[in-house]
Amino acid sequence: MKTASLVMGILAIFGMLLGFIPCLGSFNWINIPFSLVGLVISIVAYVQDDNLPKNNATAGIIMCATAVFLGFIRLILGGGIL
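Here the working numbering is used: the first residue of the sequence shown is 11, the next is one more, and so on.
Honestly, the hints are just simulated from the structure, not real lab data.
The beta-carbon is built from N, C-alpha and C at its ideal position, and this holds for glycine as well.
Check the hints yourself; a few may be wrong.
[Said to hold, decoys possible] Simulated DEER-style distance windows between Cβ atoms:
| hint | residue 1 | residue 2 | range |
| --- | --- | --- | --- |
| 1 | Leu28 | Ile72 | 18 to 28 Å |
| 2 | Leu87 | Leu46 | 15 to 25 Å |
| 3 | Asp60 | Ile31 | 12 to 22 Å |
| 4 | Gly89 | Pro63 | 39 to 49 Å |
| 5 | Asp60 | Trp39 | 27 to 37 Å |
| 6 | Pro32 | Asp59 | 44 to 54 Å |
| 7 | Thr76 | Cys33 | 36 to 46 Å |
| 8 | Gly90 | Leu27 | 14 to 24 Å |
| 9 | Ile31 | Asp59 | 23 to 33 Å |
| 10 | Leu28 | Ile53 | 17 to 27 Å |
| 11 | Asn65 | Cys33 | 30 to 40 Å |
| 12 | Leu46 | Thr13 | 13 to 23 Å |
| 13 | Pro32 | Leu62 | 40 to 50 Å |
| 14 | Ser36 | Thr76 | 12 to 22 Å |
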């Protein structure tokens, strides 16, 4: 699950960057829910009770949270469409 959270975080960041391209800002309507699912998976992977390193889950949390926050700001600035 930790690797899945890292992969979802990377895809969320790429989706966020795609949403920053002019006229593609509405892509964030798809990317924000995807990032929220990735954030939940990352938190679950982080909280799992095992003694393995939690680096991948931590990176997934940071990337997904960044994608949600900046994607939301981009939607506000673009009026939800642009």
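Going down the list of hints, with the structure as the test:
| no. | hint | result |
| --- | --- | --- |
| 1 | Leu28 <-> Ile72: 18 to 28 Å | holds (19 Å) |
| 2 | Leu87 <-> Leu46: 15 to 25 Å | holds (20 Å) |
| 3 | Asp60 <-> Ile31: 12 to 22 Å | violated (40 Å) |
| 4 | Gly89 <-> Pro63: 39 to 49 Å | holds (43 Å) |
| 5 | Asp60 <-> Trp39: 27 to 37 Å | holds (36 Å) |
| 6 | Pro32 <-> Asp59: 44 to 54 Å | holds (46 Å) |
| 7 | Thr76 <-> Cys33: 36 to 46 Å | violated (23 Å) |
| 8 | Gly90 <-> Leu27: 14 to 24 Å | holds (19 Å) |
| 9 | Ile31 <-> Asp59: 23 to 33 Å | violated (42 Å) |
| 10 | Leu28 <-> Ile53: 17 to 27 Å | holds (24 Å) |
| 11 | Asn65 <-> Cys33: 30 to 40 Å | holds (37 Å) |
| 12 | Leu46 <-> Thr13: 13 to 23 Å | holds (19 Å) |
| 13 | Pro32 <-> Leu62: 40 to 50 Å | holds (42 Å) |
| 14 | Ser36 <-> Thr76: 12 to 22 Å | holds (20 Å) |
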